[in-house]
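Please construct the entire structure, taking both the sequences and the accompanying hints into account.
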Amino acid sequence: MYEKVKNDDYGMMKEVLFRRFSKAIKEKSGSLSLPDLIMIDGGKGQYSVSREVLNELGLHDLPILAVAKGKKRNAGEEKIYHESKEYILEKNDPLLFFIQRLRDEAHRFAISTHRAKRKKNLSKSLLDQIQGIGKQRKRALLNHFGSARAVESASYDDLKSVEGIEDNIAKKIYDYFHE
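Each step along the sequence shown adds one to the number in my numbering, with nothing skipped, and position 47 is 47.
One should not assume that every hint holds.
Here are the simulated DSS-like cross-link-like pairs (lysine-lysine), alpha carbons at most 30 Å apart as the crow flies [stated by the list, open to error]:
1. K14 to K44
2. K44 to K69
3. K26 to K160
4. K85 to K44
5. K71 to K91
6. K91 to K117
7. K160 to K120
Cβ pair distances, simulated, as ranges [as the list claims (entries may be wrong)]:
8. S31 to D158: 41 to 51 Å
9. D128 to V16: 38 to 48 Å
10. D36 to E90: 20 to 30 Å
11. H60 to K135: 43 to 53 Å
12. G45 to G132: 48 to 58 Å
13. A140 to L32: 18 to 28 Å
14. K28 to D128: 32 to 42 Å
15. A140 to K71: 27 to 37 Å
16. L126 to K26: 35 to 45 Å
17. D157 to E15: 21 to 31 Å
Treat the hints as calculated values from the structure; they're not laboratory data. Positions of the beta carbon are idealized from the N, C-alpha and C atoms, including for glycine.
What follows is the structure in structure tokens.
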């Protein structure tokens with residue numbers, strides 16, 4: 001996300017939708033096709049933002065459903081927004097169960113994707129910026145010191161003591177963090 005909308009849910013939503021559907025429109029016959037229906041996790045506000053973006057892109061006929069949890073955020077109290085109408089389904093309606101399962105699966109996917117991305121970013125470190133430090137040396141340094149921050153504050157002699165770190169590499173690492 002661009003910095004200007006980082007703490008703005010509606011702004012982030014606009015940006016994501018705009019990017020996604022602009023790309024689909026440009027590709028037309030590419031791998032990114034337009035969906036038959038857009039389902040949004042949210043209420044009237046999220047519906048309005050989505051509709052605004054799609055209208056701006058000329059996608060007036062693409063249907064949107066927004067699914068909002070009830071006031072107490074309990075399952076079974078969801079409200080569904082479509083066009084300018086609000087719908088409340090019976091607690092035992094099979095359609096409600098289906099919508100809940102779709103929402104839950106979308107949440108599960110988003111959370112697992114976010115965790116995988118975060119894990120990948122955590123494994124990146126300043127050590128990746130130092131020429132001569134590959135996966136094996138990085139692993140050896142992190143195993144020895146416990147963290148990139150500990151490597152950063154290590155002395156030249158401490159760095160040399162790590163298995164697989166020769167004098168010239170220890171000097172490069174030390175100089176990188178102390179110059």
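Evaluation of the provided hints:
1. K14 to K44: holds (14 Å)
2. K44 to K69: Status holds; Cα separation ~12 Å.
3. K26 to K160: Roughly 54 Å separates the two Cα atoms, so the pair is violated.
4. K85 to K44: holds (10 Å)
5. K71 to K91: The hint holds at about 15 Å.
6. K91 to K117: Distance ~36 Å between K91 and K117 Cα, so the pair is violated.
7. K160 to K120: holds (28 Å)
8. S31 to D158: 41 to 51 Å: holds (50 Å)
9. D128 to V16: 38 to 48 Å: violated (28 Å)
10. D36 to E90: 20 to 30 Å: holds (25 Å)
11. H60 to K135: 43 to 53 Å: Holds, since H60 and K135 (Cβ atoms, about 51 Å apart) stay within the stated range.
12. G45 to G132: 48 to 58 Å: holds (52 Å)
13. A140 to L32: 18 to 28 Å: With Cβ atoms ~42 Å apart, the hint is violated.
14. K28 to D128: 32 to 42 Å: holds (38 Å)
15. A140 to K71: 27 to 37 Å: violated (55 Å)
16. L126 to K26: 35 to 45 Å: holds (37 Å)
17. D157 to E15: 21 to 31 Å: violated (49 Å)
Hints 3, 6, 9, 13, 15 and 17 from the list above are not met by this structure, while the remaining hints are.
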